[in-house]
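One point on numbering: in numbering that gives the first Met the number 0, the residue at position 58 of the sequence shown is 57, and numbering is uninterrupted.
You may find that some hints are simply not true.
Unchecked claim - Here are the computed lysine-lysine pairs in the PhoX-like style, where the Cα-Cα straight-line distance is at most 25 Å:
id: 1; residue 1: K64; residue 2: K87
id: 2; residue 1: K87; residue 2: K24
id: 3; residue 1: K7; residue 2: K24
id: 4; residue 1: K7; residue 2: K87
id: 5; residue 1: K87; residue 2: K185
id: 6; residue 1: K64; residue 2: K96
id: 7; residue 1: K156; residue 2: K87
id: 8; residue 1: K24; residue 2: K156
id: 9; residue 1: K64; residue 2: K156
id: 10; residue 1: K64; residue 2: K24
id: 11; residue 1: K64; residue 2: K7
id: 12; residue 1: K156; residue 2: K185
id: 13; residue 1: K94; residue 2: K64
id: 14; residue 1: K24; residue 2: K94
id: 15; residue 1: K185; residue 2: K94
id: 16; residue 1: K7; residue 2: K185
Hints are computed from structural coordinates only; laboratory data are not their basis.
Owing to the predicted nature of the structure, the values given are computational and were not obtained by experimental measurement.
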Amino acid sequence: MRADVVVKGRNVEVPDHFRIHVADKLSRLERFDPSIFLFDVELFHERNRRQRKSCQRVEITARGKGPVVRAEACADSFYGALEGVVAKLESRLRKMKDRRRVHHGEKTPISVAEATAGLIDDSLFASVNGNGSAHDHAADAADGQEYEGPGHIVRVKTHSAIPMSVDDALYQMELVGHDFFMFQDKETDRPSVVYRRHAFDYGLIRLA
C-alpha cells in the first residue's frame with residue numbers, strides 16, 4: 000500500500016505534472032519506513048527580492064507510526080528545491096532506519112551526536128524558533144497575515160506532551176530539523192528543552 004501524497008501551494012498554483020513528479024520521487028523513500036502513510040508537501044513562492052536566487056521553497060513532512068520526519072530546501076526553481084528536500088528527507092529516514100537496527104541489537108549502539116552528525120547543514124542555523132524556520136513569515140503572509148518585522152509573535156503551534164527521554168528528544172529534534180525541541184522529560188516529569196550548541200554539542204534546559 001503506497002503512502003498518500005498531498006501537495007499544496009502557497010502563493011503558487013501546482014500543476015498536475017509536478018504533482019505526479021513529486022509522487023514518483025517520494026515513492027522511492029517508502030522503503031526506508033513502510034509505515035509511512037502520508038507525505039505532506041508544501042510549496043512556497045518567496046516574495047522577498049533579496050532571495051531571488053533561492054525564491055522557491057519546498058517543505059515535506061512524512062507521517063507514519065514512528066516520529067514525524069520533516070525537511071525543507073530552497074532553490075531558484077521548484078524542481079531544484081524538490082531534489083534538495085528529497086535528498087535531506089532520505090538522509091533522515093535512513094538514519095531512522097539505522098537507529099531501529101541499533102535497538103534490535105544488530106550492531107553496537109553509537110551516541111546521538113555520532114548518529115545525527117550527518118543531518119546538520121547550514122539551513123538549520125537559519126531557524127528563528129523551535130517550531131519553524133526563518134522563512135515562516137512568507138507562509139504567514141500567504142495566509143493573509145502581513146509580516147510586521149522582527150519582534151512579533153507570527154505563529155503559534157501546540158504539540159502533545161508525550162513523556163520521553165533526553166535521547167529521544169534529541170533524536171526527534173534532528174528528524175524535524177529544528178534548533179531546539181521542547182518535551183516532557185519522563186525521568187523528572189518536568190517540561191524541558193534540548194537545543195543545539197556549537198559543532199555537534201547539545202544543551203538541556205529543565206524547569207525547576
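Going through the hints against the structure:
1. K64 to K87: holds, 20 Å
2. K87 to K24: Given that 25 Å is the threshold and the Cα spacing comes to 13 Å, the pair holds.
3. K7 to K24: With Cα atoms ~16 Å apart, K7 and K24 stay inside 25 Å; holds.
4. K7 to K87: Holds: K7 and K87 sit about 20 Å apart, inside 25 Å.
5. K87 to K185: At roughly 30 Å apart (the allowed maximum being 25 Å), K185 and K87 break the hint.
6. K64 to K96: Between K64 and K96 the Cα gap is close to 13 Å, so the pair holds against 25 Å.
7. K156 to K87: Holds, because 24 Å separates the two Cα atoms, which is no more than 25 Å.
8. K24 to K156: violated, 29 Å
9. K64 to K156: holds, 21 Å
10. K64 to K24: The given pair, whose Cα atoms are some 21 Å apart, holds under the 25 Å limit.
11. K64 to K7: Holds: K64 and K7 sit about 23 Å apart, inside 25 Å.
12. K156 to K185: holds, 22 Å
13. K94 to K64: It holds: about 16 Å lies between the C-alpha atoms, which stays within 25 Å.
14. K24 to K94: holds, 19 Å
15. K185 to K94: Satisfied, since the Cα-Cα distance of roughly 24 Å is no more than 25 Å.
16. K7 to K185: Given that 25 Å is the threshold and the Cα spacing comes to 36 Å, the pair is violated.
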